[in-house]
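Chains A and B, in that order, are what the protein sequence lines are. At position 278 of the first sequence the residue is numbered 278 (the working numbering), and the sequence of numbers has no breaks. Just remember that the working numbering sits 1000 ahead of the position in the second sequence, which is counted from 1.
No lab work stands behind these hints, which were simulated from the structure alone. Among the hints, erroneous ones may be present.
[Unchecked claim] Subject to a maximum C-alpha distance of 30 Å in a straight line, what follows is the list of computed DSBU-like cross-link-like pairs (lysine-lysine):
hint : chain 1 : residue 1 : chain 2 : residue 2
1    : B       : K1089     : A       : K242
2    : B       : K1011     : B       : K1143
3    : B       : K1089     : A       : K142
4    : B       : K1368     : A       : K6
5    : A       : K139      : B       : K1176
Keep in mind the model is a prediction, meaning the values are calculated, not measured.
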Amino acid sequence: MKTTLKSWVWSVRNFFSGIKSKLHLKVNLPTGLKAWVYLAPALILLAIFTFYPILNAFRLVIYQGYQLIRDTDGRLVESITGYTVFGNFIRVLSADNFILPSSHTNSSVLLNTLAIVFISVPISIISSLFVAATLNSIKPLKSFFQTIYFLPYITNTLAIGLVFAYMFKSGESGIVNQFFMIFGIDPVSWIERGATYWRAMTVLIAFGVWDGMAFKIMVFMSGMQGIDQQYYQAAAIDATPKRRIFTRITVPMISPMIFYIVVTSIIGAFKTYSSVVAIFGDSATPDGANFNLKTIVFHIYDYIYSGENISLAAAGSLFLFAIILMLTLLQMYIGKKRVHY
Amino acid sequence: MNKEQVKHIKKFENIIHGIDLVFFLAYVGLFAYLFGFIQVPNMPPEVETIYEYVIFGMNINTPILNTWMSYLAMFIIVTFPLLFINFRKTQNREYYEYNRWVAGNLFAGGIISLLVLNPISAVLKIYLSRRILLESEKFGFKKAAVLLGHGFVNMFKKKPVDPDEAEGELKEVIRKQTMKTFIRVFFSYFFLSVVALLIFIPFYWMILTALKTYYESNLTNTPRFFIALSEMQWMNFKYVVTEIDFGIYIKNTLTVGLWATAGTLVTTVLAAFAFARLEFKGRDAIFSVLLMTMMIPGELYILTNYLTVSQAGIGWIGGPTGTNQYYLAMIVPFLTSVFYIFFLRQTFKQIPDTLYKAAKVDGSSDLKYLARVMIPIAGPTIFTITILNVIGSWNAFIWPRLITSVGDVNEGRGYWLISAALRDADFTTGGTNPRVMFNLQIAASAIVTIPLIIVFLLLRKYIMSGVGRSGTKG
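Okay, chain A solo, but in the shape it has when bound (with noise of 0.2 Å):
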């Protein structure tokens, strides 16, 4: 039976390269040209989603009034009022709560995005470090802790963002504020109508922690995995006490690892966006109070939702981009200097 089928597949592909053969279908291209035959589908997707955007970026970012409007065929045609080199960057800048918080908003986007970078990051980065020297010096259960620490990392934002949500849900119903109550402390509400800011800013930087943890533990343990023994033995040798073999030899022999998740982690706080969508909605607001939750790229989407402020949501994305590209020139800078010795 096996044979069978085999003799027939091999007839039928004679068969068709018979026939290639015939009509002379091989042809022996010079090896640039095939590179370039090869290199195409990927190459002109590129182009169009990828290179000609950030040209584009570029070129809306110098319009002022720039519009979408149909003209008398009925086409979408592009539509100016003039042109500006700063003029939108100063728009981003100086708008309603990107910078300062204005009169009827008590919080701005950056003060936001800063609260973040310098409360979730930490935080989470600490953690993680001490999760992943503790997890590195046991042997059983550790390929269990490991998959359960990395959990958080595959989950969908969106789906355990509502949870989180629920979880904070205000009253006696929450099982955060039933936790609480074990303690005697009231229940409050964390993210509906009577949130204080900073008790909005909780809710998200425990999310922040809690779905960040895993990447950051994973780069820790290969970094810890990589380091010599001969330095662990020769401190075991002199009776050094697990404080200072942490602070000595492990944290700065993976400060390459800290620096890159250092860098990454900032990043990622000013693209926070689907976890707030997630937890407080489109409006980022709770219920009724007079602040918001918006970070820097939640701004940049509210432009382009918006459809009318185009060349602002260019100036804020490049904005962005200045940002990350020093903070990566930054990195890269530090890392070739080997930090650790």
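For chain A, the structure is supplied; the task is to place chain B on it using the hints.
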């Protein structure tokens, strides 16, 4: 044990796996069959409705049906990973590895089979464990039980103390050190367990809430941490899939995800091959330009791509109802990926160049060499890319949501992907004073999350190796 015996035993084991598989499929089939019976009430139910069903000629009501389905769900959760692990173990076990531990594992497996109402596997597993014991250790269950008892007693027996006085001081030091080590290990595990618990609580709360009634999830002030099997509302899932249209959204997501993944594989494999093997002018320059684009934030692309696919460009979306190509707009921009080209090129580069030259000497074409040599060797990497891309499409939120929010919202609704649907679908009770029905919303979250967890647990190795190189999410 000799190889001949092991061959027999392996055959026997595979028969058991077959029976286990049949039972597993039976559980799944029965679960689906019962799921089909569930009647969906009007939401929100004024009072908790208890329906009467006639299934297999028996009169049962909602709590009994819930209990049955809960048991079946438990059976499925227990048997599937065991089947998977046992099958892999059987394939990888060498003949000298058959010993009392294998027999013990099989015996435990037999007990579990008995608990999941699978007597055939149970009897066969216990019989096989005895046979392995007899053939490898030359004794039966009786002596095994005695040995087990001895081991258990020895664990609690104090070791005889050496009465040498001179060593007393040293012993004291050693005892103190052991004590210290013990305390440290204890706290390590305690700390890790607490963190694991914190990580796991949202998942537990999600699954529990997804199975609660509307009243318990929304209105009660004393949420319970455990609910009885008969109270598990499997109806919630059915309501979400049929009435809130998650069936459609899942279908949309899979369609977009599979097409995008297939396209990505083709374009990235071809491009990575060109970058890794073919010599052409400007290769390194183009490659470094590609790498640089990885740094650019996605918002910059989304802005222009949105204009490109809308009426201002190609015109896939934003037109009058019925003329829009939502699928194309969601798939085409994601048909390639710079990161995967980079990832694959690294793998391709590790394949020795001599293989390529040998194939050239034999007159094989580049495409044939790629298909017959490179792709099989780089198989694990390609598999990793496939999984990561499917997971990424499953979680895609920003772009699909933007696309389906343009133009006719009611038409766009039919093309929602699950993430957008989780946020935007109507989970409220409706009426003048709508309230979110959390049990349904969280059930939808569970429907989205559980497949991801299953895929992760099965393919952990591939996913983690890929993520390790990929940098941040999103």
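Results of checking the hints against the structure:
1. For the suggested pair K1089 of chain B and K242 of chain A, the alpha carbons sit about 38 Å apart, so the restraint of at most 30 Å is broken.
2. Using a Cα cut-off of 30 Å, the hinted pair K1011 of chain B and K1143 of chain B holds, with the two alpha carbons roughly 27 Å apart.
3. Taking the CA atoms of K1089 of chain B and K142 of chain A, the gap is near 20 Å; set against the 30 Å cutoff, the hint holds.
4. In summary, the hint linking K1368 of chain B to K6 of chain A is supported, as the alpha carbons are separated by about 19 Å, within the 30 Å threshold.
5. Taking the CA atoms of K139 of chain A and K1176 of chain B, the gap is about 22 Å. The hint holds against a cut of 30 Å.
In terms of the numbered hints stated before, the structure departs from hint 1 and from no other.
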